[in-house]
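Student: Here is how the chains run, residue by residue.
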Amino acid sequence: MSVNYIPRRFTVIRDKERCINCGCCVRQCSNECHLFADDGKTVISDSNSCVACHRCVDLCPTGALRIEKYVCDYRENANWTPQYQQQICRQAETGGVLLAGMGTPKDYPVYWDKILLNASQVTNPSIDPLREPMEIRTILGRKPEKLTVEKKGKSTVDMPPQVVLETPVMFSAMSFGSISLNAQKSLAMAAKELGTLFNIGEGGLHPDLKPFTDRAIVQVASGRFGVYSDYLNNSKFVEIKIGQGAKPGIGGHLPGEKVSVEVSNARMIPEGSDAISPAPHHDIYSIEDLRQLIWAIKQATGNKKPVSVKIAAVHNAAAIVSGCARAGADIVAIDGFRGGTGAAPVRIRDNVGIPIELALSSADQRLRDEGIRSRISLVAAGSFRCSADIVKAIALGADACYCASAPLIAMGCHMCGTCNTGKCNWGIATQRPELTKRLNPDIMYKRVVNLITAWNHEIKEIMGGMGINSIDSLRGNRLMLRGIGLSEKELEILGIRHAGE
Amino acid sequence: MKPIIAGIRGYAEVNDEINGRFLSENKITVTDVNGQRYLGCALEKGKTLEIEGTAGNDLAFCLNGGKIILRGNGQDAVGNTMGGGEIVIHGHAGDALGYGMRDGSIYIRDNVSCRGGIHMKEFKDMKPVLVIGSSAGSFLGEYMAGGTIVLLGLGLKRGEKLFGTHCASGMHAGKIFVRGTFPKENLSPNIKITNLTQQDRKELEEYVGKYCRYFDADHDEIMKKPFRKLVPETSRPYANLYTAD
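Those protein sequences? They're chains A and B, same order as listed. Read in order, the letters of the first sequence correspond to residues 1 to 501 in the numbering used here. Read in order, the letters of the second sequence correspond to residues 502 to 746 in the numbering used here.
Isolated chain B (complex conformation) (with noise of 0.2 Å):
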């Protein structure tokens, strides 16, 4: 089927056209995306919306086990809420990507900005996966209370860090898996940092697999890097806050 173009039109417009679509098709493109908000709002399973240009705020909200490949960056909110499904992106995303983002996938070429995996949780067999191949801004992880965030710091340019300050604040429960040297500077109080067990270089191993899989990016260079584990030392950072009155 013919692609849609988003062009200078409002995102209901867009949007009520992709979801007219996707009532007879189960793979929609739409092209020439500027900036337009919502696309792929609680995009069920079994559909997978193919984006071309810049995608507004609030990407895939509600994600819905749906799949999203954005050929172009992503802007705020990415896979806000996310209860399932994968989103791809070729190129870069904004801030508080994934947040509160329980099930599915996310996987970034490039970097992310602030507040990436904000809220992410994990419940059952629901084990949400971020993937970043670059940096990440500060306060990536906030809150973070399960799940897993992969960030390979490829292509940093000299002096720039892998992610910014005040990483994992707030982090009770979850991963980060993080390659190469990283800013200890950055992390907040409650992370440790880990070697890798069997079953992480093994998960790990899937991800990185995917993500040379979908970049087209070379497998053994990025494994030739050692890679730590970040997580927090207590899963009840504020249990001694309070007193009753």
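Looking at chain A on its own, in the form it has when it is part of the complex (with noise of 0.2 Å):
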């Protein structure tokens, strides 16, 4: 055997006092990290290939399980950091470009962090959004310029396609090959039951989700995998992937191992094939080509669907965003660089984009000077872990928020950062029968919905105490919103004050 210079980086503690050998490990485990001594008899851990994902302890009936970091100094170097030089013997050894899954783990700044939400003293008093009205409905959609009304008060504004949710917050974009049709279908359901919206990916549609469809984001990215006239008439919206917040510049790949049968007849390709989905699509190289597909959408669809354009937070995110309004599309979503992904090259996923608070801000407060903030609904996108986090977005410009990690950390996910191996063990970023079936829908998607619905009520209690009863009116709202620790550019690309200021 050679020597692979790498520590492992888990140890599998089992206490031997608890453990009753059942081989519940055994059986869950698809990185065979436990197995049965020679003995036959005996449950055994080999700890090399353990991931921490905590199948193994959360399943174990006696709670004989613990995972431990693997603590093997290396000698001090805050340049050379154990990470690095173990990356380096990974393409030392394979070649090959590093690949992870899930969004960037590294230290940077997290602005929802120091940023600080106001509440109502005295004046304007708050509201108890128990027993009052409180509105979080939020509609996404070009809004006309001007209104008109006739005499008795009707609109005579031919209005654009809107889009009604009941929460501000929608799944994103997690196609089915990056997640198994069962974790899809759970957001399905829970989509449908919180009465907002699921987002398919660039997946294609499986047949099972048809059901669903009035609750679905489909997806039109560069490989067009699936895509074809009643994709696009079977949809809430129609959404254009330009970028991935994880993975900006960078495409898609699916390797032909995921291509299963059921992932090939949703993406429609054949079994086993490479689903390749380069960074650009070949028919935008401008702004007027992205109007130009836009409009061929809108065409085959009637004008029936608003047109989304998702793009990835990057340097000039404002200046797109406000592209992409004038060259028509209806939403606009932002995906910063914290977002989530199935797989993405890890030198790309920790080094490229920007934020999502910072892009957010600029996006709103530019198309705010350009008078065009009501041409397009802004959605947020890259990492929200809880009701506070999606809040500041509202406040900070956004119309709603994208959600993937925290949906999938309720069905199980533990962020063990190994989608891409395709082995999850909680049956969510895997193709594998075996695996996918420890997924319930219909137990899961109850979890997503208790996650929803309690959000909604926090977001309702901080709004109720700043002494607003509508979403509409938190909508870049950043008077409610003070920095802390943030310096002057800081601030001032936020747009907000400092606290006590």
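Treat the hints with care, as some may be off.
[To be verified] Listed below are the simulated DSS-like cross-link pairs for lysine-lysine, each with C-alpha atoms no more than 27 Å apart in a straight line:
1) A/304 x B/546
2) B/628 x A/258
3) A/258 x B/625
4) A/304 x B/528
5) A/210 x B/625
6) A/210 x B/628
[Stated by the list, open to error] Footprint (simulated), chain A over chain B, 3 or more residues, beta carbon under 8 Å:
7) 567-581
8) 731-744
These are computed hints drawn from the structure, not numbers from a lab. Note that the coordinates shown come from a computational prediction; the quantities given were computed from them, not determined experimentally. Glycine is no exception: its CB is placed at the ideal position from the N, C-alpha and C atoms.
Reconstruct the complex from the two isolated chains, following the hints.
Tutor: Encoded structure:
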């Protein structure tokens, strides 16, 4: 056996007093960390391939298992950290581009944690959301330039198509292929019950999701997988995927081994073939070309569907969003660089793009300055961990938020970051039937519904505290925000004052 | 029924008129077309749209089984994301022809520009076919994941090449039939040149037969020159690109 130069990451600690050798962990671990010893009876562990997904820990009937970070000190070096050394060894071994799942784990500033919310005291009294009406219904779509009404007060404006959501939280794009059909179904069922939308990603629509198409956002990406006219017409809105926060400037590549019969049916490609979706749409080289595709989709859907454009938050995001608005997009989704992914090159994920907080605030400001804010709805994406993050995003100018990691965590994800391996023990980021069957949509959708229902309550509480009873009054209301420990420049970009000001 | 005259009217107006007429008619002619976009967008099976003039970008976007006959030239993204049907162009076409086309066929009498047949893909009995009478620009069949391209090279001028550089870059399925001499130096590394099988010849015969019928070309003259087949060497050109972090 060759030396692999890399110490293991975790150690599985088995409490021999508690372990009853039932073999549950052996059956549960797709990474094959647990096995029966030669006697065929005693369960032992091989920690080398452990990813700390906690499947064995959570399912062990006697609580005999624990995962520990494996500590093996290198000589102290703030520059050559163990992580960089290990990554070099991996690349030296394989010659491959480093690939990982989930959003960046690096310690970049999270501006949500440096923004504080306001509450009313004495003046403009706070509202108790449990006993007073509190509106969080969100309506997405292009708004008319001005309203005209006839004598009786009825609007005479030709209203562009609008989408009504009962919560500002939507589920972001995750394709069938990157996640399992059961995971998609759970989100679809949750979206239906919550009155919000789920995004099927760029991997086409599986027939099992047809009953949920009135809650579905469908994507058109450069590979055009599964895109045909019925697909566009059976949706709530259509999203042109330009970029993804976790990998700006990089396309999608679903390797052939993940293209099962079912995935192939949804994507409309042969089983086992690579699904390549490069970064550029080769019919879009400019804002004018983007306009062309937006209007092609509108023509193909009889102008009945709003068209969204999803971009990654990059340095010029504000100008690009303005361009998208002028190109005819009804909705623009900005995906911050902390956003999740099923697989992204590590160097891209950890180094390219900007935080959603800064991209969102600058885009909203730019649209206001140009007098075109009402032309589009802004959807923010890129890691919302709790309801307070959502409230802050709306106050910074978002109409709604896309969440993906949070609902996945509700379904069992433990952020082990190995979605790319296709061995997800929780049945989420895998296509192996023995693993996907572990995720029961009838149970899991309820957990997602619970999570968003709880967030809705919290959003209402926070709004009530501010004396605001409609989410429309919170939108872009930056007076409700104050920065803490931020520089002048950061405050300027966020368009907020410092705490105490 | 009398034809629709496009003239200098905007595409939305022209398309609305076309769509309105298609509610009660199955065959419509539009004349004096001057670059109006999105003509024949998502046209259904059983409907035929005849166009005279120059059709604008995204002609027959998401074509859904309908038939388009264009007497004139096409611009960019003809048959974009086409799901079935047939497009016959009595002239040439621009960039990104048949982008992501999944089924149906496109016949172009003359040449096409860059990235023809990009992202063409096949699925079960959906097999897209793209027949080009003359030459193709760079990146022909880029990312091609299925289907067939036929490149006839008719009427090439002296020194003119059958296809431009980076031909079939990223191609991982499907096939390209080329007639006569072609610039091997313009092929991408993953591509190999093979002879046609019996089955290939049968297919080719069908496509060439149709081309001759549509454009009144000489079948025997076309078949006089030898055909070769371009196919990807591996269906997984990027299989070993990554390593887990």
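Student: Between residue 210 of chain A and residue 625 of chain B, is the straight-line Cα distance small enough, at 27 Å or below?
Tutor: holds, 21 Å
Student: Starting from residue 304 of chain A, check that the Cα of residue 546 of chain B is at most 27 Å away, please.
Tutor: The given pair, whose Cα atoms are some 21 Å apart, holds under the 27 Å limit.
Student: Can you take a look at whether the segment 731-744 of chain B is actually covered by chain A? Rule is 3+ residues, C-beta closer than 8 Å.
Tutor: Since 9 is at least three, the answer is holds.
Student: Would you check the hint for residue 258 of chain A and residue 625 of chain B, treating anything up to 27 Å between C-alpha atoms as holding?
Tutor: Cα-Cα ~18 Å, so holds.
Student: Is it true that the CA of residue 304 of chain A sits at most 27 Å from the CA of residue 528 of chain B?
Tutor: holds, 25 Å
Student: Check whether the Cα positions of residue 210 of chain A and residue 628 of chain B lie no farther apart than 27 Å.
Tutor: holds, 25 Å
Student: Can you take a look at whether the segment 567-581 of chain B is actually covered by chain A? Rule is 3+ residues, C-beta closer than 8 Å.
Tutor: holds (count 3)
Student: Would the pair residue 628 of chain B and residue 258 of chain A pass a check requiring their Cα atoms to be no farther apart than 27 Å?
Tutor: holds, 23 Å
In the structure shown, no violation is registered for any of the earlier numbered hints.
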